[in-house]
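Protein chains: 2
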Amino acid sequence: MNDLDKLRHSCAHLLAAAVVSLWPDAKPTIGPVIDDGFYYDFDLPQPISQADLPKIEKRMKKIVKNWSKFEKQQLSCQKARQLFKNNPFKLELIDELQKDNQPITVYKSGDFIDLCRGGHIDKPNKAIKHFKLLSVAGAYWRGDQKNKMLTRIYGTCFFTQEELDRYLAQLEEAKKRDHKKLGPQLDLFTFSSLVGPGLPLWTPKGTLIRSLLDNFVWQLRSQKGYQKVVIPHITKKDLYEKSGHWQKFADELFKIKTREGHLLALKPMNCPHHTQIYASRQRSYKELPQRYAETTMVYRDEQTGELGGLTRVRSITQDDAHVFCRFNQIESEISSIWDVVNTFYKTFDFPLQVRLSFHDPKSFDNYLGTPQLWQQAEKIIRQIAQKNTQDFSIAAGEAAFYGPKIDFISRDSLNRQWQVATIQLDINMPERFDLFCINEKGEKERVVMIHAAIMGSIERFIGILIEHFAGAFPTWLSPEQVWVLPISDKHNQYADNIFDQLQSRSIRSVLKTEGSLNRRLRFFQEAKIPYAIIIGDKEMENQQISIRTRQGKQLNNINLESFLADLQAEIDRKSAKLSC
Amino acid sequence: MNDLDKLRHSCAHLLAAAVVSLWPDAKPTIGPVIDDGFYYDFDLPQPISQADLPKIEKRMKKIVKNWSKFEKQQLSCQKARQLFKNNPFKLELIDELQKDNQPITVYKSGDFIDLCRGGHIDKPNKAIKHFKLLSVAGAYWRGDQKNKMLTRIYGTCFFTQEELDRYLAQLEEAKKRDHKKLGPQLDLFTFSSLVGPGLPLWTPKGTLIRSLLDNFVWQLRSQKGYQKVVIPHITKKDLYEKSGHWQKFADELFKIKTREGHLLALKPMNCPHHTQIYASRQRSYKELPQRYAETTMVYRDEQTGELGGLTRVRSITQDDAHVFCRFNQIESEISSIWDVVNTFYKTFDFPLQVRLSFHDPKSFDNYLGTPQLWQQAEKIIRQIAQKNTQDFSIAAGEAAFYGPKIDFISRDSLNRQWQVATIQLDINMPERFDLFCINEKGEKERVVMIHAAIMGSIERFIGILIEHFAGAFPTWLSPEQVWVLPISDKHNQYADNIFDQLQSRSIRSVLKTEGSLNRRLRFFQEAKIPYAIIIGDKEMENQQISIRTRQGKQLNNINLESFLADLQAEIDRKSAKLSC
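Taken in sequence, the protein lines are chains L and B. Per numbering that gives the first Met the number 0, residue 0 is the first one in the first sequence, and the count goes up by one each step. Per numbering that gives the first Met the number 0, residue 0 is the first one in the second sequence, and the count goes up by one each step.
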């Protein structure tokens, strides 16, 4: 545990102490550190809300003054049970510790004692100063909806006020950029209560962004020899029994019983279907690699409570691809995908970190195949990573159930991390589906599969993009690129002419003539359109244009041709920034 | 009934007479005329097969000699029941005739008497000469699978031997062109027993054809102001209860129960989802028409026995579009779709017939809305049809359940009819979903919907195209357009150079160097590739090329540049024929 995590975990103790001090019947349960802060779950005698947080903070500040240190004590089970006799949640934890032969430790600070494995700051009364409680939410005990609903309080804590302020400002900014708010406001997508939660409907503008992104990925892939394929969204159970998805995805599979009584499923992944295209004819080694790409929706029966905007949906559009190749082609194929990932993310000024997601040898039951196959696959992945980047981390237990992955993690403009692209090496699915090629010797040779997604979920990726750009998309992605605004009626004809020129060059432009110029400029700003061309007397006289950017920059006496050339170059470069 | 139908119906009687003569316990049921022939359904004491057909034909020829005429008799119910007392099927028909107060007539020819409404040829012994029994199949009595399975015998009959021969030759040709055989052979699509029947998987080549067709439709639509949208493939039951699809599609809906117990359905149509995009914000009359286009799969729980190749599938890709507009925009919107239909089908040299599919006033229960709304909608449709074509027919009872349709019927190269494009006027769905715009007076004004598909089901359309072209697609649609064939190794370098030039112009080309030239030319022919460029000594020497077309035409001493120019023009024109 690093120092910041220790600070935050200590602050979680302090939160629990304050809650118990305010509501003596409250039963603290667990209070772990999370990204950017901590939470603590309580069983409370009465409901509390956001409005109660300042009161709790105040009590925390009072209590911490008497906390000079955290004192560790190891207890017998019996003593521990005695100490927490009124708290069934802690008793359950104690039972488990005993079962696993783990030591039972408590930590005392001031008058407050909590069951805890440790990880605290040295002088709480000096260190815990810059904290903030953030929100209240419901959460089931141990995340299981069969259990009791508890009250979760989220908070954060930093070593300096400056860091805390910066973080809170970032949270404020994130709220303003929330794609759930901006998306419908910019008319990119909508939800319908008749269609249901987690099922976004994409409007013309949102669909345009989806297509532009998808076409970009396809442009990069087609240069690498990929071919598009198309599969249905459903399948007989048999396919997933063979692939292992039936068991693995159990709860998340949308299942369908046909009128004839057959059991079908909506696909949660595309790989098993794609194997059937590969397997549809005998393949010579000369035909390999076969590289199939398909942008298609997969469906997962997510629980309603876990859905959120575009981040977690039930209809997920994946820019999926599967390569079927020989062992000695793995490296060049993965490197070629890595190229695509780099080019794609560079376009958005998204820095990428690489994580090798390996299996967890301790719970091998979760995976297909043998330990030998996994070691072999992970060795290859590690070698390729070493060739492609200086800097990668390894995460045990993060692999797919069929093989190890190279995951790409990006940071957006608010410095938040998102797992985006993924490349997965799979030596299990080809075994299960008996996929082979006929090699130079005329023998059957087992092939391998590489799974790759560049954006991953297009829904989630557009959610990230909206927040990254605060809705102000780069010009190449903006559904509307230029508004043409004649100041008054007498400028309409010249404006028309300019509008026609924009249209003929396929610049997505709109001619807006109604309402005062100021009103139109306000709408222009709100709609986050990159450029407005303003036409008045002077512009007509000089046969020029004035330009207003969405950032409020005004440029007068511009030659239309030179603006169009700059604009086209900006679009062709897929620039993340306006060219003026 | 026209004369040919009378001839064929008479021949159906003859078939029944022969079957009863051969199997005295056989019970004839019904024997109607169909497109291109007739069938008769029998309850037989023993199964029969294709192998029995010559025997039956022989008996027919013998019996018909004594058939000088069809003698009509009207019978009382009682007498009719007595006459058919051993045939429960005929008794059921008699009951119905009685219930409906219809006259009960029988027709006698030779010794054979059949219950029949009439429609026979005058001198059967002279006229019924040129017939052929075609196939045997199972069919449920009255098409209901709860009823007994009967034996259906298909046949056809013509006035002249020449016509019969031509028809049989056409059947033979159709068999050779069968898309179920040609599709997998040309590697366009495949089925997997793990995925299930009715669920085609589209290989890279088939997907390319799909994309080219779909892009063509989109190109035509985008010129008419359409915008793409994207919807999920599932929805809550609520959407379909509101639209009426839940009741109407009952059996054909794939239903899904979520883990939380909600009832969802896979979409059998896209219109209800699209209404939710329209309804996602208030629309001013200035924003109308809103024109949404989407190529997306719909799903229908077809019975396994009814599936066939691409003609009837469970995953149907529709090139669907919905226009939301005002009443006074209907005409121009429908005409604009009509334009697209014309341009699209002209490309394939498909002649189009127009059918106005109206409601059946006798069974108004099958439709949404009021008779007044229907009359109004059908009047508009008729007016538009009159403006757009000289020649249309009207079919009562063929409307969609929400409105009348303009259906386009095409004839392929084997002169078979296919219903392809459709334009549907819908004044019911907007009522059910309360879809409106704010008009010039600031009031809510009900809008109308126009549904339109150009190809309809892309699966079915590609099935038709494969058979129409016998797999020899026009160059613009051919997955591979040119093969480059160097005669021997020493020609490889020059061939490489030509291949590069083709590639750089985005001509879909393949360089084939292995095997003898003859072997390669045989594969070229089988794969139905439009052109092969053959490179030998002479071609290298003169810096020219030789060309072989898939029709076997050989062209020597061709200048590459001029071939490429012709080829590009052929592709750009989307020509249905090779340019050389």
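Mixed in with the good hints, there may be bad ones.
Which copy is meant is left open, because identical chains are indistinguishable; a pair holds if it fits in one copy or across any two.
[Claimed, not checked] Only pairs whose alpha carbons sit at most 27 Å apart, straight line, appear in this in silico BS3-like list of lysine-lysine:
| # | residue 1 | residue 2 |
| --- | --- | --- |
| 1 | 204 | 235 |
| 2 | 227 | 204 |
| 3 | 54 | 573 |
| 4 | 223 | 511 |
| 5 | 84 | 361 |
| 6 | 179 | 573 |
| 7 | 235 | 254 |
| 8 | 235 | 247 |
| 9 | 227 | 98 |
| 10 | 489 | 84 |
| 11 | 26 | 68 |
| 12 | 223 | 378 |
| 13 | 285 | 180 |
| 14 | 180 | 235 |
| 15 | 179 | 236 |
Derived from the structure by calculation, the hints contain no laboratory data.
Structure-based check of each hint:
1. 204 <-> 235: Between copies, since 25 Å is at most 27 Å while 36 Å is not.
2. 227 <-> 204: Cα proximity of residue 227 and residue 204: in one copy and across copies (24 Å, 9 Å).
3. 54 <-> 573: Neither way: residue 54 and residue 573 sit 50 Å apart in one copy and 74 Å across, limit 27 Å.
4. 223 <-> 511: between (43 Å within a copy, 21 Å between copies)
5. 84 <-> 361: neither (33 Å within a copy, 78 Å between copies)
6. 179 <-> 573: Classified as within: same-chain Cα gap 25 Å, cross-chain 44 Å, threshold 27 Å.
7. 235 <-> 254: both (10 Å within a copy, 14 Å between copies)
8. 235 <-> 247: both (16 Å within a copy, 25 Å between copies)
9. 227 <-> 98: The answer is neither: 53 Å in one copy and 59 Å across copies each exceed 27 Å.
10. 489 <-> 84: Result: close neither inside a copy nor across copies, 84 Å intra and 91 Å inter.
11. 26 <-> 68: within (23 Å within a copy, 99 Å between copies)
12. 223 <-> 378: within (25 Å within a copy, 55 Å between copies)
13. 285 <-> 180: between (52 Å within a copy, 25 Å between copies)
14. 180 <-> 235: Between copies, since 23 Å is at most 27 Å while 39 Å is not.
15. 179 <-> 236: between (35 Å within a copy, 25 Å between copies)
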